[in-house]
Amino acid sequence: MVEPVLLWRRLVGAQVRSQLQYRVSFALDATGAFLISFIDFLAVLVIFHNVHRLGTWSVREVAFLYAFSSISFATTDLLIGHFDQFPQKIRDGNFDILLVRPRGTLFQVIGSDFQMRRLGKALQGLLVLGFVIGSLDIPWDAGRVAMLVVMVPAAIVIFGSVWVVGGCLVFWTTDGGEFTNAFTYGGNFLAQYPVDILSTWLRRFLAYIVPLAFVCYFPALYILDKPDPLGLPRFVDFLSPVVALVAVAVAGSVWRFAVRHYRSAGG
Amino acid sequence: MRLDWEIAKRGWRRYAAYPWATVAGIFTNTIFGFIQAYILLAVYRHRTDVGGYDVRDTVTYVWLAQAILMTVYVFGWQELALRIRDGSIATDLVRPLDPQRYWLAYDLGRAPYHFVFRGFLPFVFGALVFRLHTPSPLDAVAFLVSLAVAVVVSLGFRFLYNLSAFWLVDIRGVMMVSLSLSLFLSGMVMPLSFFPGWLGEIAHALPFASIVQAPIDIWLGKHHGAALAGVIALQAFWALVFLGLGRLALRAGSRKLVIQGG
Chain D
9 MVEPVLLWRR LVGAQVRSQL QYRVSFALDA TGAFLISFID FLAVLVIFHN VHRLGTWSVR
69 EVAFLYAFSS ISFATTDLLI GHFDQFPQKI RDGNFDILLV RPRGTLFQVI GSDFQMRRLG
129 KALQGLLVLG FVIGSLDIPW DAGRVAMLVV MVPAAIVIFG SVWVVGGCLV FWTTDGGEFT
189 NAFTYGGNFL AQYPVDILST WLRRFLAYIV PLAFVCYFPA LYILDKPDPL GLPRFVDFLS
249 PVVALVAVAV AGSVWRFAVR HYRSAGG
Chain S
358 MRLDWEIAKR GWRRYAAYPW ATVAGIFTNT IFGFIQAYIL LAVYRHRTDV GGYDVRDTVT
418 YVWLAQAILM TVYVFGWQEL ALRIRDGSIA TDLVRPLDPQ RYWLAYDLGR APYHFVFRGF
478 LPFVFGALVF RLHTPSPLDA VAFLVSLAVA VVVSLGFRFL YNLSAFWLVD IRGVMMVSLS
538 LSLFLSGMVM PLSFFPGWLG EIAHALPFAS IVQAPIDIWL GKHHGAALAG VIALQAFWAL
598 VFLGLGRLAL RAGSRKLVIQ GG
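Protein chains in written order, with our numbering: chain D, 9 to 275; chain S, 358 to 619.
Keep in mind that the hints were calculated from the coordinates and are not lab data. Fair warning: there could be bad hints in the mix.
[Claimed, not checked] Each pair of labels, with its calculated beta carbon distance range: (1) S:GLY554 to D:SER261: 49 to 55 Å; (2) D:ILE146 to S:SER445: 54 to 60 Å; (3) D:LEU144 to S:ALA562: 34 to 40 Å; (4) D:VAL254 to S:GLY554: 44 to 50 Å; (5) D:ARG152 to S:TRP555: 34 to 40 Å; (6) D:ARG61 to S:GLY444: 51 to 57 Å; (7) S:GLY601 to D:PHE46: 26 to 32 Å; (8) D:GLN29 to S:ILE559: 35 to 41 Å; (9) D:PRO237 to S:ARG404: 18 to 24 Å; (10) D:TRP209 to S:LYS366: 37 to 43 Å; (11) S:GLY444 to D:VAL254: 49 to 55 Å; (12) S:LYS366 to D:ARG61: 51 to 57 Å.
[Unchecked claim] Some chain S residues flagged as far from chain D (calculated, every beta-carbon gap over 12 Å): (13) LEU360; (14) LEU439; (15) ALA497; (16) VAL598.
Quantities reported herein were computed from a predicted structural model and do not represent experimental measurements. Ideal Cβ positions, reconstructed from N, Cα and C, are used throughout, including at glycine.
So here's chain S without its partners, still in its complex pose (with noise of 0.2 Å):
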């Protein structure tokens, strides 16, 4: 535990390094908030309910979108799959230390940076403009619980792609094909409330609703009592799935892997 939590706080430090990088990500985050709030709101003067959220959920929508994008960092990861490449995973292999352990402890100290410096100000900046959704007590907590399980879920689907290096030497037409099917079937580009029924249905029957649309349904208050703790279940479900394929995949992966040179 005390080991995990050492490696956290590098994950935590790494990010925390380059203070412009917090900026700038920042403006950017704000800047689509606002593109895509304005796109949405459009929709709005037709109507006053898509798939169940009215026009304040749909605007919250937006910018928790935007504010958690970072933390679930849905964007490409590559740095195992490099570490794969150049051969250094041999390294790691031989630690007394397992890579996805690593690796989960230093994403669960990176998910919090991107949490409170990526994700609090644009969300602010989106409520100085727009009436956004205010959750209940309950709501918030049960919200940060989610976005927790949502960081596994997400970096269980990443590590996963990732090992794809064993087989292949470079990643990242897998990358960007699993990129897409996340950021789209997660909800980060479009509520999957907004979905035709059919593809909805199957969205959410994806592991990719986990990461975005569950936390964010749930500060919502789209669910309540034994639906809310059900929500979080699935997430943790999903989670351990990826984290068990991931396991095998390593396994896999170690037993053929050739290093050339070093």
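In isolation and in its complexed conformation, chain D is listed as follows (with noise of 0.2 Å):
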């Protein structure tokens, strides 16, 4: 279990020491990624400056299911990368490179794509969520701190299980990196918000089926002290680590069908 922690952090620190070459550019990098991220948080306050509420959701309330959801998002982009490297790897056949190493290849991938102006957004989604917590009316208590300690976590499992899904469909299509951004930035986008205010046929697909329900919203209900306007029962605002350990081990064995199916492009 040390090992591949030791691995990682040496390629990462490689990764690191070569993106702080160029000082400007790294610092203009994580300025672009920090003003970028402002843009959803404006598109919610225009949404808000139109209606008080959005369903049952205060402005605050959906804010802070935001800044859960951006921070999540930027520390599994931090972790794991964003996958769009890799379409490119498979297209030129240079995956092959990874299947005669000595280490898992989902290791590998994960592994050779982090990128620290990542590290914008995430400042981005604690600067919101900074302002919303300290303005939120929150009945704090060691359930609720619990909830959060444990909530960010699950979220980035299940936000990686979910993009480690979608990067697969890339071993058949090959040339379809486009499909990562459905799984990433809109996985996100629907994190956002709250899912009651989706149809129900969409919401069984997104936020159930694949659970992005479980990243913020079931968890945002109970911190919030909320009740559920879908009425669902209350222990399923805990089964946020349930679903990441169902989720993880469902990429896994997502990751290994797709693996043995890779047919290479030569290269």
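Each of the two chains sits in its own frame; use the hints to bring them together as a complex.
See the structure below:
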């Protein structure tokens, strides 16, 4: 268990050093990531300029969802990368190289795309969270603090699993890299808003089967002490860690299945 | 003209070469269309009109925005910047063909491909689930004209920020800032009619509105007669401004260009 972590640190360390070689470039990059992530938040504010509540949710409550989704998204992006280099590896046949190395292929893909500029987005989420948590009247107790501590790692694992499954499509489509955007950016977009505003069929598909409702929505219902507009039993609010474990198991199997069906493009 | 046509054909083929990329894109646009449509529908639970848009206008807006997103190419583009960085621009400048004319022709070949293959299906999927606004024949034709001009405005803007590569080695920061501005102020993320009054006025006064908001408003039948012609004229004005600025920047940039080896 220790060895992969050490190896990951060495892989990431090398990338960090290389990215810090061009400091101005890095500063501009991180600033760009910081700025561009404000667009989604501006969109939330524009919506609430027109209505006081979205379903039963106030602007602060949606901002809470937004902040958690952003932080989880950015951290996932930082830890496992965006899979946007990955279709290139499949297309030019460089995935072959990963197969002959004595480490897991998923591990190598994840370890090879560490971009520090993604801290910019995480910082933006933290700022929004800092602002919103002060202005929300949350009845803090041990359970809520525990949920706060658990929900981000669970969200990261769920996001990461969804991205891996989305990334697997490239094994069959070769140049369908844009599928991953639906899973990464699409997942984040969905998680920023309360899922009860979706229609039933879309909610079943995107919130439960692709378990994005467990990223923020259910944990947030508990922390904010909100009655579930969907009327689901309350224990569902606590299921995120379980869902995360199931998701990671499914993602692992899908990845192994996909790698077995990898057909090299040569190169 | 013959030359421009040949370049445009290459622009089309470059994107037609990756059919799975097109399928993947359609899937992604459709998912985003649904999420966005339901978010904005929730706004209409409490209202019947937002800035002159009824619920059907807004849902139509969402799906049209997804449909033309690739056509007007509001996401990042840095092909030109990469050519400047690696020095290939020197070869381009030697050619008896102006780079701006080349990229304009190329982009006007790319855009119809994206319009047909990336735009049509997401809109159809949207129309299967929601009731969307059908334009009058005149509005439909005006929409196509307006969309074509929007592509030129967009290319003019992208050309301009790519040229910053003459002065900066890595343009990603500049590109992200340009992207943020154009995504938000064009109406791509949210219809400009949803913006608070002052911000909406600023956004309408800026060239970015010509890229997304203008063609969609024409489809929705928001402009008639002289006003309709005025909207397209304003788009054409912004297209000329960007192309003019692009010319100046290209001249200034090539004067200071130093190629490191090659």
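Evaluated hints:
1. S:GLY554 to D:SER261: 49 to 55 Å: 53 Å, holds
2. D:ILE146 to S:SER445: 54 to 60 Å: 56 Å, holds
3. D:LEU144 to S:ALA562: 34 to 40 Å: Cβ of D:LEU144 to Cβ of S:ALA562: about 36 Å, so the range 34 to 40 Å holds.
4. D:VAL254 to S:GLY554: 44 to 50 Å: At 48 Å between Cβs, range holds.
5. D:ARG152 to S:TRP555: 34 to 40 Å: Since D:ARG152 and S:TRP555 have Cβ atoms about 39 Å apart, the given range 34 to 40 Å holds.
6. D:ARG61 to S:GLY444: 51 to 57 Å: 56 Å, holds
7. S:GLY601 to D:PHE46: 26 to 32 Å: 31 Å, holds
8. D:GLN29 to S:ILE559: 35 to 41 Å: 39 Å, holds
9. D:PRO237 to S:ARG404: 18 to 24 Å: Holds: the Cβ-Cβ distance is about 19 Å, inside 18 to 24 Å.
10. D:TRP209 to S:LYS366: 37 to 43 Å: 42 Å, holds
11. S:GLY444 to D:VAL254: 49 to 55 Å: 51 Å, holds
12. S:LYS366 to D:ARG61: 51 to 57 Å: 52 Å, holds
13. LEU360: Consistent with the label, S:LEU360 stays out of reach of chain D, its closest Cβ about 29 Å off (over 12 Å).
14. LEU439: Non-interface label on S:LEU439 holds, nearest chain D Cβ at 14 Å vs cutoff 12 Å.
15. ALA497: 28 Å, holds
16. VAL598: Holds, because the least Cβ-Cβ distance between S:VAL598 and chain D comes to about 24 Å, which exceeds 12 Å.
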